[in-house]
Amino acid sequence: MEHQRFGHTILLTVPPGEEVVQALNEVAEIYHISLAEVSGIGGVDQVKLGFYQLDTQEYLEQDYEGTFEMLSLMGNITLKDGEIFGHYHGQFADTSADVFGGHLLASRVFATAELFIRDLGGAIDRSEDPETGIEVIAFEE
Amino acid sequence: MEHQRFGHTILLTVPPGEEVVQALNEVAEIYHISLAEVSGIGGVDQVKLGFYQLDTQEYLEQDYEGTFEMLSLMGNITLKDGEIFGHYHGQFADTSADVFGGHLLASRVFATAELFIRDLGGAIDRSEDPETGIEVIAFEE
Amino acid sequence: MEHQRFGHTILLTVPPGEEVVQALNEVAEIYHISLAEVSGIGGVDQVKLGFYQLDTQEYLEQDYEGTFEMLSLMGNITLKDGEIFGHYHGQFADTSADVFGGHLLASRVFATAELFIRDLGGAIDRSEDPETGIEVIAFEE
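Chains as they are written, first to last, in this note's numbering: chain A, 16 to 156; chain B, 16 to 156; chain C, 16 to 156.
No lab work stands behind these hints, which were simulated from the structure alone.
Ideal Cβ placement from N, Cα and C applies to all residues, glycine included.
Watch out, some of these pointers could steer you wrong.
Pairs of lysine to any residue, SDA-like flavour, derived with a Cα cap of 20 Å [said to hold, decoys possible]:
{"#": "1", "chain 1": "A", "residue 1": "LYS63", "chain 2": "B", "residue 2": "ASP113"}
{"#": "2", "chain 1": "A", "residue 1": "LYS95", "chain 2": "B", "residue 2": "HIS18"}
{"#": "3", "chain 1": "A", "residue 1": "LYS63", "chain 2": "A", "residue 2": "PRO30"}
{"#": "4", "chain 1": "C", "residue 1": "LYS63", "chain 2": "A", "residue 2": "SER111"}
{"#": "5", "chain 1": "B", "residue 1": "LYS63", "chain 2": "C", "residue 2": "ASP109"}
{"#": "6", "chain 1": "C", "residue 1": "LYS63", "chain 2": "A", "residue 2": "THR82"}
{"#": "7", "chain 1": "B", "residue 1": "LYS63", "chain 2": "C", "residue 2": "THR110"}
{"#": "8", "chain 1": "B", "residue 1": "LYS95", "chain 2": "C", "residue 2": "GLN19"}
{"#": "9", "chain 1": "A", "residue 1": "LYS63", "chain 2": "B", "residue 2": "THR82"}
{"#": "10", "chain 1": "B", "residue 1": "LYS63", "chain 2": "C", "residue 2": "SER111"}
Pulled a few chain A residues facing chain C out of the computed Cβ check, cut under 8 Å [unchecked claim]:
{"#": "11", "residue": "GLU17"}
{"#": "12", "residue": "GLN19"}
{"#": "13", "residue": "PHE21"}
{"#": "14", "residue": "THR24"}
{"#": "15", "residue": "THR28"}
{"#": "16", "residue": "SER54"}
{"#": "17", "residue": "GLU84"}
{"#": "18", "residue": "SER87"}
{"#": "19", "residue": "GLN106"}
{"#": "20", "residue": "ALA108"}
{"#": "21", "residue": "THR110"}
{"#": "22", "residue": "ASP113"}
{"#": "23", "residue": "VAL114"}
{"#": "24", "residue": "PHE131"}
Given these sequences and hints, build the entire structure.
See below:
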């Protein structure tokens, strides 16, 4: 991966064979991000989505292989117990322009991925919502 | 809902049972937003979309119920007759990763919604395009 | 098209009958953009997508006609040989809320398009990746 900072925004590119979510989280660590907005596009050949099950409070994982345009990666970076916590949703099109998407766990680049991390200069933590089991954003009181 | 401002950007979270579009517009009012870019993700169980009919110049409303990831909410906040006017498009995936979307009128949170409102520091009004009946952005002359 | 700059961000609207990608690139030229993040929504009646073929290293073009909400246009503006180079992915819904999308080559407005170009104040060039034939972002060494 390669990255460069322009003001409050980091441009990140991910080369073929590398994984986007891991790249985002690594770059967030390099620049000591504790609150950021994330967006990006790319071309990928493996996607892992997670579907949250309210009853079991776990993500059901689903894998996809093919030639996909990553139409939109949207989400944010916060902290959880002092560690980088990325929350990303992804949408992908196959070669018929059909779109699928969900909570993004991983996606491997075959062409390139071009992402923006906009550092908001603040720090936001997460804590588990006892009701849903989801790690939700916890504003300071 | 909870919200906090970081520089020009407001982070907004919407808890289970609350509605996203209303939350966005309420927060826009609190911070006196008159031009902003909006984006966000979440998990919702009710969605109301509107499909514009050029012939009747009205939105045909369509309701969806289920367990949906809100993959992307994208849009903007401007003013119309001095009031907050949110224009949002939304995309949603069901538990099979199938995606649907449209002009977003409402979506109720079941898990969380995490949104960014980026205040551009300007003011933009809307006025009705007599041709299409759509409230379009009106730049000052 | 109409456009106005607010700080680092340009708001661009595209009227009925005009084409979005061309409008974006024209505005980028007007404001001398050499690195920007782009996002937007709209209503369009013609869409041209490109599907990259790794074997031929060419985009296979596909045209769509109908009444579509442009749910998300996401991408970036950089330079290629000193010229504006827009890289955009688009997602569109028909009147049944079914979504399709891909690498966006063109889309013609029937209602309006409302776009943000966020100027990052830097300059990024592209060069062809000999492996894939794709014009990838080239950071300075």
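So, going through the hints one by one against the coordinates:
Restraint check for LYS63 (chain A) and ASP113 (chain B): satisfied, since their Cα atoms lie roughly 14 Å apart, inside the 20 Å limit. For the given pair, LYS95 (chain A) sits about 18 Å from HIS18 (chain B) by alpha-carbon distance, which is consistent with the 20 Å threshold. Between LYS63 (chain A) and PRO30 (chain A) the alpha-carbon distance is near 18 Å, which keeps this suggested pair within the 20 Å criterion. Of the supplied pair hints, the one linking LYS63 (chain C) and SER111 (chain A) holds, its CA atoms being roughly 13 Å apart against a limit of 20 Å.
Pair hint LYS63 (chain B) plus ASP109 (chain C) holds up; C-alpha atoms about 15 Å apart against a cutoff of 20 Å. With a C-alpha separation of about 19 Å, the suggested pairing of LYS63 (chain C) with THR82 (chain A) holds against the 20 Å cut-off. Restraint check: the Cα-Cα separation between LYS63 (chain B) and THR110 (chain C) comes to about 14 Å, which is no more than 20 Å; the hinted pair holds. Restraint check for LYS95 (chain B) and GLN19 (chain C): the C-alpha separation of about 18 Å stays at or below 20 Å, so the hint holds.
For the proposed pair LYS63 (chain A) and THR82 (chain B), the alpha carbon gap of about 19 Å is at most 20 Å, so the pair holds. Restraint check for LYS63 (chain B) and SER111 (chain C): satisfied, since their Cα atoms lie roughly 13 Å apart, inside the 20 Å limit. At its closest, the beta carbon of GLU17 (chain A) sits 5 Å from a beta carbon of chain C; the interface hint therefore holds under the 8 Å criterion. About 6 Å separates the beta-carbon of GLN19 (chain A) from the nearest beta-carbon of chain C, less than 8 Å, and the hint is met.
For PHE21 (chain A), the interface hint holds, since its Cβ comes within 8 Å of a Cβ in chain C; the closest pair sits about 4 Å apart. The beta carbon of THR24 (chain A) is positioned within 8 Å of a beta carbon in chain C (closest approach about 5 Å), and the interface hint is therefore held. Proximity of THR28 (chain A) to chain C holds as hinted, the smallest CB-CB distance being about 5 Å (cut-off 8 Å). The criterion of a C-beta within 8 Å of any C-beta in chain C is met by SER54 (chain A), whose closest approach is roughly 6 Å, and the hint holds.
Look at GLU84 (chain A): its Cβ gets to within about 5 Å of chain C, closer than 8 Å, so that hint holds up. The closest approach between the C-beta of SER87 (chain A) and any C-beta of chain C is roughly 5 Å, which is under the 8 Å cut-off, so the hint is satisfied. Residue-level restraint check for GLN106 (chain A) holds (minimum Cβ-Cβ distance to chain C is 7 Å; threshold 8 Å). Hint status for ALA108 (chain A) relative to chain C: holds, with the closest Cβ pair at about 5 Å, below 8 Å.
The criterion of a C-beta within 8 Å of any C-beta in chain C is met by THR110 (chain A), whose closest approach is roughly 5 Å, and the hint holds. A hinted interface residue such as ASP113 (chain A) counts as satisfied when its beta carbon comes closer than 8 Å to some beta carbon of chain C; here the least separation is about 7 Å, so the hint holds. The criterion of a C-beta within 8 Å of any C-beta in chain C is met by VAL114 (chain A), whose closest approach is roughly 5 Å, and the hint holds. For PHE131 (chain A), the interface hint holds, since its Cβ comes within 8 Å of a Cβ in chain C; the closest pair sits about 5 Å apart.
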